[in-house]
Amino acid sequence: MKNGLLILCMLMLGQVAMTNSPIRIWEGTKVNAKNVTLTPYIADSSNNTGIAVVVCPGGSYFWNAYKTEGVEVAKWLQSNGISAFVLRYRSAGWLAFMTHYRVMFHGHQYPDMIQDLQRSIQIVRDNAKDYGINIEKVGVMGFSAGGHLVMSSNLFYNHNFLENLNVDVKVSLRPNFTAAIYPVVTFTDKRYVHKRSMRGLLGDNSKVRKAYADSLSLEKHVSQDMSPVFLVNCVDDPIVKYQNSVLLDSALTANKVNHKYIQYKTGGHGFGVNKSKTTEEAIMWKKEFLLWLKDLW
Numbered sequence: 001m002k003n004g005l006l007i008l009c010m011l012m013l014g015q016v017a018m019t020n021s022p023i024r025i026w027e028g029t030k031v032n033a034k035n036v037t038l039t040p041y042i043a044d045s046s047n048n049t050g051i052a053v054v055v056c057p058g059g060s061y062f063w064n065a066y067k068t069e070g071v072e073v074a075k076w077l078q079s080n081g082i083s084a085f086v087l088r089y090r091s092a093g094w095l096a097f098m099t100h101y102r103v104m105f106h107g108h109q110y111p112d113m114i115q116d117l118q119r120s121i122q123i124v125r126d127n128a129k130d131y132g133i134n135i136e137k138v139g140v141m142g143f144s145a146g147g148h149l150v151m152s153s154n155l156f157y158n159h160n161f162l163e164n165l166n167v168d169v170k171v172s173l174r175p176n177f178t179a180a181i182y183p184v185v186t187f188t189d190k191r192y193v194h195k196r197s198m199r200g201l202l203g204d205n206s207k208v209r210k211a212y213a214d215s216l217s218l219e220k221h222v223s224q225d226m227s228p229v230f231l232v233n234c235v236d237d238p239i240v241k242y243q244n245s246v247l248l249d250s251a252l253t254a255n256k257v258n259h260k261y262i263q264y265k266t267g268g269h270g271f272g273v274n275k276s277k278t279t280e281e282a283i284m285w286k287k288e289f290l291l292w293l294k295d296l297w
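Here the numbering used here is used: the first residue of the sequence shown is 1, the next is one more, and so on.
Note that these hints are calculated values from the structure, not bench results. Keep in mind that the hints are not guaranteed to be accurate.
Label pairs and their in silico Cβ distance ranges [stated by the list, open to error]: (1) 95 with 297: 43 to 49 angstroms; (2) 172 with 295: 18 to 24 angstroms; (3) 296 with 95: 40 to 46 angstroms; (4) 127 with 163: 20 to 26 angstroms; (5) 101 with 135: 40 to 46 angstroms; (6) 170 with 279: 41 to 47 angstroms.
Glycine included, C-beta positions come from ideal geometry on N, C-alpha and C.
Hey, can you work out the whole structure from these sequences and the hints?
In structure tokens:
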């Protein structure tokens, strides 16, 4: 009896460890990025849908809004039978925000962030069986700059950003769906560019920013082979102008990409799944997303 209880306790502790222990995704590779982690929140076996989502917090590519747009989101997904993996991806950092040292030194900038996300998708799919995940139901969800990042993984999935890092990839890097919540989209339409995110991603060298601006303006690279997209934002967004999502919606529509765009009049920015940080109108995106996801399968 005692042995049985001991084994049960060990199994329960093992589940907690698997759920809460960050994975250092670059360990064992040549990439020196010890602070990049992927933290699993595995759905309970009683309501596990087999769906997985890699969650990318926002933060203008300078930092990660880890609690509001990471942990809180993951716990909400987990409670709805969806296994979530919160990615703490490389970002420029506070020093880069306060200074312009990246004029001379690389620091963290493109393509570091997309490499982190592709590596995360690879890890989730490589270990799908252990996590109780359907390898064909692995999606990505991002907020603000994280929304730009996850959309980039959908648009550019056929470019293996891990190849030059000598990482052997045997699974598809294409997400099965993408949820972009109040995302940064354009780097070319000067009326709507979120300059801080552009600087965070592309650094302080104006020539580099100019060279990559078109390539990383999402609305310019939408194609018909993209996986389904769920898109949400608010007209009163004080940080990322709402027209970013309008541009993306127009491009998705023109290319007949399966997608759902919801535009709320009020709600602001940076609320994640936290109802106290937005309006009753905008927090409805959570319900809408779950219904949309259910319709996919």
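Okay, the hints, checked on the actual structure:
no. : hint                             : in the structure
1   : 95 with 297: 43 to 49 angstroms  : 44 angstroms, holds
2   : 172 with 295: 18 to 24 angstroms : 22 angstroms, holds
3   : 296 with 95: 40 to 46 angstroms  : 41 angstroms, holds
4   : 127 with 163: 20 to 26 angstroms : 21 angstroms, holds
5   : 101 with 135: 40 to 46 angstroms : 41 angstroms, holds
6   : 170 with 279: 41 to 47 angstroms : 45 angstroms, holds
In this structure, every one of the numbered hints holds.
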